[in-house]
Every structure is written in structure tokens, then in C-alpha cells.
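Number of protein chains: 2
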Amino acid sequence: MKKKIVVCTDLGPALSLLTLRDDLDVVVWPDAVDTECPRAWLLKNVQGASGLVVCFKERVDGEVIKAAGPGLRAVSTISVGYDHIDLPLLASRNIQVGYTPDVLTDAVADSAVMLALMASRRTNLTTSVVTSNAWSAFQWTPFALSAPQLSTTPFSAKRTVGFLGFGRIAQAVLRRLTFGFGVSDTIYTPRPEAPPQVMRDAELLRGLMPNLHSLRAVDMHTLAADSDFLFVLAPGGEATRHLIDESFLRRMKPTSVLVNNGRGSVVDSTALAKALKEGWIWGAGLDVIEEEPHVGVGHVLLAEPEVREKCVVVPHLGSATHDTRAEMARLTAVNVLRGVDGEQMESGLDLGRWQ
Amino acid sequence: MKKKIVVCTDLGPALSLLTLRDDLDVVVWPDAVDTECPRAWLLKNVQGASGLVVCFKERVDGEVIKAAGPGLRAVSTISVGYDHIDLPLLASRNIQVGYTPDVLTDAVADSAVMLALMASRRTNLTTSVVTSNAWSAFQWTPFALSAPQLSTTPFSAKRTVGFLGFGRIAQAVLRRLTFGFGVSDTIYTPRPEAPPQVMRDAELLRGLMPNLHSLRAVDMHTLAADSDFLFVLAPGGEATRHLIDESFLRRMKPTSVLVNNGRGSVVDSTALAKALKEGWIWGAGLDVIEEEPHVGVGHVLLAEPEVREKCVVVPHLGSATHDTRAEMARLTAVNVLRGVDGEQMESGLDLGRWQ
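Protein chains in written order, with my numbering: chain A, 388 to 742; chain B, 388 to 742.
No wet-lab data here; the hints were simulated from the structure. One should not assume that every hint holds.
Unchecked claim - As a list, the in silico SDA-like pairs of lysine to any residue whose alpha-carbon atoms are at most 20 angstroms apart:
{"no.": "1", "chain 1": "A", "residue 1": "Lys389", "chain 2": "A", "residue 2": "Arg426"}
{"no.": "2", "chain 1": "B", "residue 1": "Lys444", "chain 2": "A", "residue 2": "Lys389"}
{"no.": "3", "chain 1": "B", "residue 1": "Lys444", "chain 2": "A", "residue 2": "Ala524"}
{"no.": "4", "chain 1": "A", "residue 1": "Lys444", "chain 2": "B", "residue 2": "Phe530"}
{"no.": "5", "chain 1": "A", "residue 1": "Lys444", "chain 2": "B", "residue 2": "Ser523"}
It should be emphasised that the depicted structure is a prediction, and the values quoted were computed from it without experimental measurement.
Given the sequences, and given the hints that come with them, work out the whole structure.
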């Protein structure tokens, strides 16, 4: 009898990695290209499945596991996050869980640099000069609409970037800024529980010299006060909730720019709106935002023109490139195949702490 | 008697380089911070001036020179361009002309990278998902709103960038893309009249290796067909008018992105609108545009949603950063001082061909 794999999401060309296998029965949510999989379809079709492919929108909980029955060996999600999956439960059943970290590092780093440039150049405001038909009457003066500059120049040779969360994506952003834009100094806040990463930092700095002059772990006060561009790349959860709050934002420079590609909950939206409106900081670029996706023009960061023109909000598309999503799909397909075949996944979560 | 310097534009703090000199009478257009200098004010106040400071909005022609009288020794413009200045006339009167090239290279290169990222990620479209209140009902699927990726990755290691116009700014863009984003291959079209720059290219390539794998001069056909990201950084004028036309755009890839930080006249707007609407290319980012500044929502690139969502238009602000505009102002002030003092300008035009 063929093993069954249920696919709730669009894998693009990588689906053929599954369908080309004669020994598998692959059941795909028929409208996967355009819509999210309804819960009812999942619960009905998952019965008897050996493998399950989901995105972060499908909750994989007791109900799904029960509906699947005892044959389920692999759950593979096309995402870095796994909050939607009941890990202790799957661990107790010896079901492998695959996910797709690392492959989206470059796409998200590109997005962070884009948001830094858009927020510093205030593109919401400047493009609206054109679309509000104001360009032809615009009075050109040398400093009108001028902005903080991301890159260093021979006549302005120091730029400090700060990172809240200094993992793979942050380091990919740093490589872009140091080598590409001449950024000279870097500060970050280490995780409270982690030992000092002296060796790692020395190696990083060596790899980025002579462009980068310094790389230092600092406290939150210094991070706020010294960053010309501050990148939030920390994970969500209670430990990081509202780390960027009113007192942090008040310590920043009026020319500084905030970028969030981490999690929306790290930045207090109400405080940020106040900071932008009153000019405590220059601008913000957000790929993630509190209460997403339930964010529209009524949101505190979008409701008022004085805030909106300084704040770019993109709907969580940091990793949304053709190449990266295709690689995430490939990895998701390979993970579920390995799991169903009883092999170790190419990129599987370590569930040891629950086993 | 004090020498008179007439200043039509805002020099910011650099104005003090002039006003601190006791031997000068500095006359400044009183509303320079907010508005352009009226022609009548210029003509009235320029009488008897030794030096004149302008921006690109002030035509310096026979009328102005006549109004100034025979004492005029220096005209200094806070711009790279000098189309607004009657160079043969000033040359014939031995009046020095100062301008501000080079200093804006980094600011414009930043803008070009920003536009490349915005056009590839289609930020007009993606931010409108938020501002049109569509995010909460948005159906997340892995390839929805996905885009071409600027950076290379371990699983997608080739990216070709093309340049129409390969001067200082282009090379600054290339440094950002190669070192920062891992771009692997570069092509450009040489100026028709120029000899092959074999030595320069070899040196450039050596400086960008091992990141950059190739740097080649190509014809327009190859530039169109092979560029994943195409940067227009050519000067204006009849020689470059509509070099990017319908036949060029038809040869590009459906995933390719066009960026124009050169001159609006190089790109045929009507052809570009068609290319975007019909999907010949992916997107466009424009800091300059035909008929600017008389461009509003009626423009062919802004009138239709299917075009507008793929086309970012910024109102010619490539060099508009605090640091760069301040340096341009400093250079403009120093140039006029040198000219009035009878010394060679720090950055003066060579008027030899008219003398």
C-alpha cells in the first residue's frame, strides 16, 4: 500500500519531488496556489497520512494528530517559525518535524537594507510629492527633503549600526553595510543568558576589516544612544516584548533610523508613533508589526500623516523572493520525504528536550 | 570697498564661510531656506557683484552677466550639471565657474541600490496591501508577492548587473552590489567614441575579485538580454535620448529590473509603461523621469494601477542627504571665495575650449 503525504500549501516545482515517487500517494489542497488550506479539508484529508506539509497558517495540534492516526511520521513546515506546531506532542509520538531556517538569510537581509534606505530617505513622503501632483510646484532648495545617508563618504566617514538580535541575518546585513556602504562601527546587545562571544566577534571583525573599525557588545542604553541605524532582528515572545519602548526611543538620535525584520512584538507601536511624530527619531521601516496581519490605516503607525510619511510598513515579505521561496519549498519537500522514508531530515528540529 | 557676493540659494552652515570674511559684502536671497530665488531679485541684486552663487534653477545668461557688470569674477553653482550657465559667454569674460561633481557619488549610489530593491520587491504594491486594509484578509501562500532577489545565495549564485553609463556613480553602485550583495557578473556599454578601457576594467575587476567573476563591455543587445538589474547612469542630451526604447525593453527578461538615476530623457516613458503593463520586465525604479518636474498622476507611468504598482518614482532626490548637500554647499562656498580672491577654484570647470 502506498504511503500518503498530505500537502496543504503550494510547493511550486518542488512538488514534483513528491509526485514523481511511484510509492507515494500525494494529496494536495487543490487551491494551494491561491488560497490557504481550510481546516476542514486538512482534518478530512490527513487521515492515514505518513507525511504532512504545512505552512505557518496551519495549526498542527492534538486534533490534527488524532485525525491523522498512528501512521504519521513527518510534519514539514515551509517556515522558520514553528509556533504553530505542538512540538511536545509530536516528540512524544516520535514524529519528525522539518522547517526551513538559514535559506532565507539573504532575502531578509536584502529587505532590511531596503527598509533602512526607504526609512532614511522617507520614500512614503518623497514619492507622495509626485503622486500628489506637487512636484511641478516644488521649490528646490539644497536641503529640502534631504535625509540621513546610509553610506559613509570621504567627508563623513563614521556610521554606527546597531543590532538588537545578532544572529545569522544580522551578520548578513552587516556584511552588506560594511563592504557595500562603508559602515564603520557596529554595536549589538548580547542575549542576557549567553556568555560573551569574544572569539566569534574577533573572527567577525577580522573578516570585515579594514572596512569595519569596531564591533562591540553593549547595553541597551548605548544601543539606543549610539546607533545611526538600528536593526531589530530578535525573536518574539515575552522575553523581547516591547524592548523598544518609549524610554529606549527617547534615547535615540533625531537622525536615527529603526528597522524591524524580527518580530512585531519587540517594538511598542504606540511609542514608535509618538517618537516619529515628535521627531525623537528620523524614520522607521517595518517588515513586521504588532498585531499583524490585522493592521490597516487605523493602526497607530498609519493613521496620521505626520507618522505615516516617516514609517514604511511592508506586510512581512522579507523572505518573499522567487529563489528563496523555491529553496524553502525544495527543503520542505525533501524534509517530508526523508521523514516518511524513516531517514533523518535535511533540516529537522531537535526534539530531544521533549523525548 | 568691499567685494560683493550674491547668494541665491541656501548654503546652510557653509554660508558662514562667506559671512565671516570682513572684506566681503554678502547679499543672500532672504527666503533661500524655503523658496527659489525670483529672477527679478537676482537681476536687481547682482549689480556690482564679484561673485554669484546659484543652484540649477537660476539661469546664468547674458542678461544676468550684463546686470552684474564687469566686476564679476566667479559663478559657483551647487550642482553637478551646468546646463543653466552660458559657459562660452563666461569664458569670454574670464569668469570662473565652480560646480560640485564627485561629492554626491555615494548618496546617488545609495539611491540606486534603494530603487533596485524597491522595484524588485514592488514596494508600491506591497505597502498598498497594508494601506488598503487588505492585509488581514490576505491569503498567505509561499509564492504570493514573491519577487526577484538582488543578492546571490548559496543556492542561486549568479546575478548579472548591467550599466548604461559606467562612470563614478556606476562603479560605486557596483562596489555595493558586489561586496554587499554578492553580485557575480557585470556588463556595461562603453561610450561609442571612447577607446576600450581595458586597463581600467582589469584594475576594477582585480579590486572586486573574488566576489565579481566577470566585467565586460558589451553591445546594447547583450545589455538588454543579460541584465538582471539594469542601471541607467548616462548623461542626458540628444546622444542618449530614448536609448532605452521599446525594442530594448522587449529584449529584457520578464524578471529584470530597470533603475534610472541618470537622466529622464534616456528612457522612453511610454515604452516603459507598456513594458511594465505587459510584463516584458519586472519593475522600474526612477529617480529621474522625462518632463520632470512636470510629472503627476496623469503621467503615463503613474496613471494606471497595473503600471504604478511596478514603478517607483522619486522626485530627483538621489543626492539629497544631509552630509552630501552640506559638502556640496561647502564646496560651492569655497569655489566662489577662491574665484573672488583670484585663485583657482577647488572644483572649477575647465573653460579652455571657449577661451
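A quick look at each hint next to the structure:
1. Proximity of lysine 389 of chain A to arginine 426 of chain A is assessed by CA-CA distance (about 24 angstroms); at most 20 angstroms being required, the pair is judged violated.
2. Between lysine 444 of chain B and lysine 389 of chain A the CA atoms are separated by roughly 76 angstroms; this puts the pair beyond 20 angstroms, and the hint is violated.
3. Between lysine 444 of chain B and alanine 524 of chain A, the direct Cα distance comes to roughly 13 angstroms. Compliance with the 20 angstroms bound is thereby established for this hinted pair.
4. With a CA separation close to 14 angstroms, the supplied pair lysine 444 of chain A and phenylalanine 530 of chain B stays within the 20 angstroms bound.
5. Taking the CA atoms of lysine 444 of chain A and serine 523 of chain B, the gap is about 13 angstroms. The hint holds against a cut of 20 angstroms.
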